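Q: For the record, the sequence lines run as chains A and P.
Numbering-wise, the first sequence is residues 582 to 725 according to this note's numbering.
Numbering-wise, the second sequence is residues 42 to 253 according to this note's numbering.
Calculated directly from the structure, the hints in this document are not laboratory data.
Keep in mind that the hints are not guaranteed to be accurate.
What the hints assert, rightly or not - Calculated from the model, a selection of chain A residues having no Cβ within reach of chain P, i.e. all distances over 10 Å:
#1 Ser583
#2 Ala619
#3 Ala629
#4 Ala640
#5 Ser664
#6 Asn705
#7 Leu721
To be verified - Taking CB as the label site, the calculated pair distances span:
#8 P/Thr153 with A/Ala715: 35 to 45 Å
#9 A/Ser651 with P/Pro189: 15 to 25 Å
#10 A/Thr626 with P/Pro189: 27 to 37 Å
#11 A/Thr626 with P/Ala198: 34 to 44 Å
#12 P/Ser155 with A/Thr645: 50 to 60 Å
#13 P/Ser222 with A/Ser670: 51 to 61 Å
#14 P/Ser155 with A/Gly671: 39 to 49 Å
#15 P/Thr152 with A/Gly643: 46 to 56 Å
#16 A/Gly681 with P/Ala214: 13 to 23 Å
#17 P/Ser244 with A/Thr680: 35 to 45 Å
#18 A/Ser583 with P/Thr241: 45 to 55 Å
#19 P/Thr152 with A/Ser617: 53 to 63 Å
#20 A/Ser617 with P/Ala106: 44 to 54 Å
All values reported here derive from a predicted model rather than from experimental measurement.
Beta carbons are placed, not taken as given, at the ideal position from N, Cα and C, and that holds for glycine.
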Amino acid sequence: MSARRQRLVALVLAVGLFLVVANAAGASWGIGLAASSAAEAAAGTAPAIPGGVTAVCTAPTGTTVMVSWSAVPRATGYTIWKSTTSATSGYSVAAAGVTGTSWTSGSLATGSYWFEVSSAIGANWASGQSAASAQRTILLAACL
Amino acid sequence: MRQGSGDTEERGWSRRRRLLAGILGAALVAAVSYGATNWIVGLQGGSNGEGQSASVANLSITAVASPAAGNLLYPGGTGDVVVSISNPNSFPVTVTAVNLPTNTTYATGYTTSSLSTTQSGCLASTPSGVTWSFATGSSGSTHTLTTPLTVGGSGQADNPLVVTLTNDATMAASAPAACESTYFSMPSFTGVTATGGAATATSSPATDSWTS
């Protein structure tokens, strides 16, 4: 076989071999997406109201009170509400964004106090206020 | 004149032509055989894909159900998303990545899982704060699935393929209270990376995700 013929045969065989290998390898092709897709997600409910709220004097002769409560699942913070009126009315925010499950007041003036707690998830999801704690009274630099 | 050598040369050329014709014929048969079993199509992902053949069609992705209660969305967290992938082609299609809209393209909230009545105060325009996880400031960012998903061919098992995408929705910490207990229609994908060809279909329902 002449050299030229050999080269020609080699070229054709190489092309054929390529086609066989490509076919054996399983050629694939790109697929696109129809005009628009849809998918569904769902959100959970508002955080639960904290339970087990207690208020205790930090010391018999002090004027501070520590409020404690049970943790709420997924809560990112808590708000402490304080009333000097009664257990059922007159509440205002004493502290917000509290983490953990307890909070200690600053020095309290003479008077009676009740405390409630609410939980929060993120900036805007919040629970209702808990049941009121027991009353704490500050009198003559003593906590009762 | 050396007629003997000329005759020999002519016979040589005739043999050469026959040999060449035979080899080229065999190569042509191989090429036709190859073309008959594999589509060479340059489809691109996205809703504007073009095909060279009418028998190669795009996938469709639809909402089919809400996620299980175990991994719902809360402000500052992530949640699952459920999709149904349908393949109208006669051959399996494998999805390896998705293209996402921007991270400021928000989901619309609905009052029920049927996604028929919008939730006041929790709309895409509010905004709801719900987006695809890992979406970026650029539309069309590509996110690779942890495991390729293969949807069976038309009429075959596991088509459509229902998939739960784990933690692939994100809710901003600033999500409005109106979004509590709400169902979301996620923003449309801008495209997918998918190829057609022989592959074993993924069993439905499946679980997958992208993590970056």
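Q: Starting from the hint list further up, note which numbers the structure goes against and sort them upward.
A: When the structure is compared with the hints, numbers 1, 2, 6, 9, 13, 19, 20 turn out to be violated.
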